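Assemble the complex: chain A is given as a structure, and chains B and C must be docked to it using the hints.
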Amino acid sequence: MSTHTLKITSQVRAVALALVAIPILFVAIAAVQARIDALSGSVTQQKEELLLRSGPMLEKLSLGYGPLLADIYWTRAVQYFGNHMERRSHSFELLAPLLDIATTLDPKLVIAYRFGAVFLAERPPGGAGRPDFAVDLVKKGIASNRDVWQLNYDLGLLYYMRLKDYRKASEAFLDGSKNPAAPAELMKIMAARVAENGESLETSRLVWAELYNSTKDESVRQRALFHVQALDAQMALKKLNDNSEEYWKKFGRFPTSIQELRDAGLVQGDLKDPAGYPYVMGPNGVPQLDPHSPVPVELNQQKP
Amino acid sequence: MSTMPAAVAVNTFREAVRDRVLYNLIFFALMMIGAAILVGQISIGVERLVIVNLGLSAISIFGIIMAIFIGVGLVYKEMEKRTLYSLLAKPIRRWEFLVGKFAGLLLTLVVNTALMTLGLAAALFYVSRSFERSDVGILTAVYFILLELALITALALFFSCFSSPMLSTLYTLGIYVAGVFAPDIKGVSEYSQSPALASLARFVYYLLPNFHNFNVIAAAAHGETIPFALVWHNTLYAALYVIVILLAASAVFSGRNLK
Amino acid sequence: MKNLAIEIKGLTKDYPVGFLRKRMRRSLDYLTLSVEEGETFGFLGPNGAGKTTTMKLLMGLIFPTAGTARIRGRSIADVRMHREIGYMPEQPYFYDYLTARELLDYFARFFSYSATERRERVTRFLELVGLTAAGDVQLRKFSKGMLQRVGIAQAILHDPQVVFLDEPMSGLDPLGRREVRDIILSLKRQGRTIFFSTHILSDAEVLCDRVGVLVGGKLQGVGAPEELVSMDVLGIEILFEVHTGGAPPRSLAERATQTGNRYRVEVPEADLYAALEELRVSEARIISVTPLRPSLEDYFFRLVGRQKAALEPTEARIA
Chain A
126 MSTHTLKITS QVRAVALALV AIPILFVAIA AVQARIDALS GSVTQQKEEL LLRSGPMLEK
186 LSLGYGPLLA DIYWTRAVQY FGNHMERRSH SFELLAPLLD IATTLDPKLV IAYRFGAVFL
246 AERPPGGAGR PDFAVDLVKK GIASNRDVWQ LNYDLGLLYY MRLKDYRKAS EAFLDGSKNP
306 AAPAELMKIM AARVAENGES LETSRLVWAE LYNSTKDESV RQRALFHVQA LDAQMALKKL
366 NDNSEEYWKK FGRFPTSIQE LRDAGLVQGD LKDPAGYPYV MGPNGVPQLD PHSPVPVELN
426 QQKP
Chain B
556 MSTMPAAVAV NTFREAVRDR VLYNLIFFAL MMIGAAILVG QISIGVERLV IVNLGLSAIS
616 IFGIIMAIFI GVGLVYKEME KRTLYSLLAK PIRRWEFLVG KFAGLLLTLV VNTALMTLGL
676 AAALFYVSRS FERSDVGILT AVYFILLELA LITALALFFS CFSSPMLSTL YTLGIYVAGV
736 FAPDIKGVSE YSQSPALASL ARFVYYLLPN FHNFNVIAAA AHGETIPFAL VWHNTLYAAL
796 YVIVILLAAS AVFSGRNLK
Chain C
7 MKNLAIEIKG LTKDYPVGFL RKRMRRSLDY LTLSVEEGET FGFLGPNGAG KTTTMKLLMG
67 LIFPTAGTAR IRGRSIADVR MHREIGYMPE QPYFYDYLTA RELLDYFARF FSYSATERRE
127 RVTRFLELVG LTAAGDVQLR KFSKGMLQRV GIAQAILHDP QVVFLDEPMS GLDPLGRREV
187 RDIILSLKRQ GRTIFFSTHI LSDAEVLCDR VGVLVGGKLQ GVGAPEELVS MDVLGIEILF
247 EVHTGGAPPR SLAERATQTG NRYRVEVPEA DLYAALEELR VSEARIISVT PLRPSLEDYF
307 FRLVGRQKAA LEPTEARIA
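Protein chains in written order, with our numbering: chain A, 126 to 429; chain B, 556 to 814; chain C, 7 to 325.
Next up, chain A with everything else stripped away, as it sits in the complex (with noise of 0.2 Å):
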C-alpha cells in the first residue's frame, strides 16, 4: 500500500543533501584545520601562557576544579615538552612555569614533579638545563609530599649529578631512607657514598639505574638509560685505559688495538660497548668508543 507521503520530498531532500554534503565539508574543514595548525604554531600559546602564570591565582579562577586543570596544565607540559623535543629546540622556557602551574594546582601531582626533576635540569637539548628550577620544583614537592620517597631520590640525583653539592645530596638520599617503603639500605650506602667520595662513576652508575628501576615514566626511563650506558662505557674505557697503562709497563710502548691487549693476557672476551659495537684503540694507548657508536660518553664526562 503506497504511503506516498509529502514530507518526503521536503524533509528527505534536506536530509539528502545534508548526508552528501555534510561529509565532504567535514573533510574540507578538516584540511583548513591542518592548515591552521600549522600557521599558527605556538605564537599564541606561548603567550597565552604569559598571562597566566601565577599558579595560585589560576586556582582561584579553576572553581575548585584545580585538580582537573593541573591535568590540562601537566599534559600540556608534557606536548611542549615534545613539541621542542622533536624541532630540537634549544628553548625550553615555558617548561618550569607550566610544570609549577600543575603542581601548584594540584601538588600531588607527583609524576610532574619527577618529571621535572629530570628534564628540567638536563642540558639542552635533552631538557631544560635549569637544575635550579628543577631543585625547586622537586622540594616544593617533597613539602607536599613527604611520603614518596622517590621525591627524595630525585632530588639526591639533582644535587650529585647536577648541582655537585655531596653534602646535600647526601643528606637527601639519607631522609629519603627513612622512609618505610624505600629501598633503605641501597639509599644509605648512596648517602654513605657520596658523603665520603663524593662523585665517582660507579655511584653515578648507581643512582641512575636505581631511577631507572623504579620510575614509571617511560620519557625518564629512556633517559636514565642512556645515563647508565653512559657510565658503563665510560667504567669500561677507564679500564681498559688501565690495561694500556699495564701494557706501557711490559712492553714500553702504547697498544695500538684491542687485540694486542687480548694477546698480551691483559683482556679477555669481546669488550663491546652497552650499544654493541667494539672498543677501539685510539693514539696513545687510549682506548675509545667505536666512531659508529650512539652512546654518548661526553655526557657526565670527568677528569680521571
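Among the hints, a few may not be true.
Stated by the list, open to error - Some chain C residues well away from chain B (every beta-carbon gap over 12 Å; in silico): (1) Y36; (2) E45; (3) E185; (4) D188; (5) G197; (6) K224; (7) S257.
As the list claims (entries may be wrong) - Partial list, derived from the structure: chain C residues whose beta carbon lies under 7 Å from chain B: (8) V85; (9) Y93; (10) P95; (11) F116.
Simulated from the structure, these hints should not be mistaken for laboratory data. Please read all numbers here as calculations on a predicted model, not as lab measurements. Just so you know, even glycine gets a beta-carbon here, dropped at the ideal spot from N, CA and C.
For chains B and C alone, coordinates are given in the frame of chain A:
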C-alpha cells in the same frame, strides 16, 4: 527568492532591538570597560595591555552570552508562540526561514560588537592618548570574535529547532567548552600511548568546532599582527562549519511537525 | 468543466500518543474532498474533529501520514503554491512587538511588490478590516477581535486566489462578524475560492455553496446546504395577535404559546387554511406565517449524535 531570508533577518534584528535585552548588555559591557580604566590606574606601564585584554574578553563573553541566550529561542519561540503558522503559509521555504533567523541574530551581534569595540577604542584612547599601528591587531581580534559568535549562533539555532531553550543552552555551551580545549584533545592524539585512543582523539579533534583557533586576544594585547593567511583560513573554517550546521538544522527542521 | 481549486485525496494524520509514544491516534482519516474554483466551502464539525489539522496539513505546517493534496494544480509540498493562497490560523498569534502596519508590511515582503505597492496595499487592507486607527499600535495591545481582523488582512493582502480561514468569526462581536461576512461575500464576488471552518452553522448556511461535515476525523457528509437538509416541511408556524379583550380560537389556543398579546402556534401543513380561517373569524391579526424546515443545525446534530454513539477517536495499536 533571495529576498526571503533578508526579510526574516531584518525582522529578527528588529525583534532583538525591541527586546530590551540588547540595551542591557551593551550598558553592562560599557561599564566593564569603564572599570578597566580604573584598573589601568593601578598598574603602571601595562594599562594598554590590561584594557585590551579586559575589553576584548568582555566583548567575547557578552557576545557569547547574547548569541546563546537569543539563539536558543530563535526557532523554539516561533514554534511555541505559533507565529510560524502564518509565516510558513507564505511562499518561504523552511531553510530560507532558518538562514534568515541566523543572519538576523548575526547582524544583531555585529552591531552590538561594533558598539562595544567603539567603547574599547574610547577607553584605549583615554588611557594612552593615541592609537598605534599595532592596534590593528585589536580589530583582527574583534573580527575573530565575530567568527566565533557566528559559529555559536549557528549551533544555538540548530538546537533551537528541536530542543527546549534550557537544554539547547547546555548543549551549545558544552560544545563550546569542548571546542576551547581543542588543543588538549589534539595533544592526546599525539602523545597517547594507546593507538585506539589516539585515533579517537584525532577524530574528535577534527569533528568538534575548534574555538581555540579564534582566541587571539593575547596576541592582540601584545600588539602582534596576525598574518593574513591565518585570517583567511579562519574565515574559511568558520564559513564551512556554519554551512555544515545550517544544513543539519535544515534537515531537522524541514520535516518537523509544528504543534 | 470547472477547474478544481482544492483536491484532497486520502489525507490522513496519525499522532503518537501515550507514555512511550507508541500508540497512534488518528486525527484525520482518509479525507477525500474537492472544491471547485470560485466555490465557497464550509468545513463544519465539533471541536477536535480534525478541521484545524486539515488546514495545517494543507499549509505544510504538519506532514501527512498518508494521502496527497493539490491546490490549483500544485502539490502542497510545492512552496510556489503558497503564492496563490492566503491562510488565517485559528487564534492567530503574531509578533507582538510589531505594529499592525509593520506586520502586514513584513508579510507583504514575501511577495514581489515594490515599496510603493506594498505601502498602498497595507493601507488599503488595514482600512478594509477597520484597523486604520490602530495601525501603529503594537500588536501586544490588541484585543482578540482586533487580532482576528489582522489575521484576515494578512491572509488576503496579496490577493490570493484561494483563501483558507480557520474559524474567522470566533471572538468577534456581532458587528465584527457582519464585517467578516461582508469580506467573505466580496471575495466570493471576486471569484475567489474560499475554504473556511466554522462552528456557526447559520453563517455556513448563508455563505457556502457547499459544506462538509467532519466528525472524529472522518468526513460524514458533503453537499450544498439545501441538499443536505431535507426539503420536507415539518409544519407551519403562525404568529398572531389578539386585540385587547379578545381571545384566540379555542382549537388553537391549547397548542399556542403566549407572550402578552402575541401567540405562536405550529400547525401541520394540511391544516393551514383551516387554522387561518378560524383566525379570520376571530379577527386575530396575523403577524407571520412561516414554513418550518429542518435546519443545517438539525442535520448537523443528527450526524454528530449518530457518530458520537459509534465513536471515540480511533486508536490503532502500532507495535
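Can you give the numbers of the hints that this structure goes against, from lowest to highest? none
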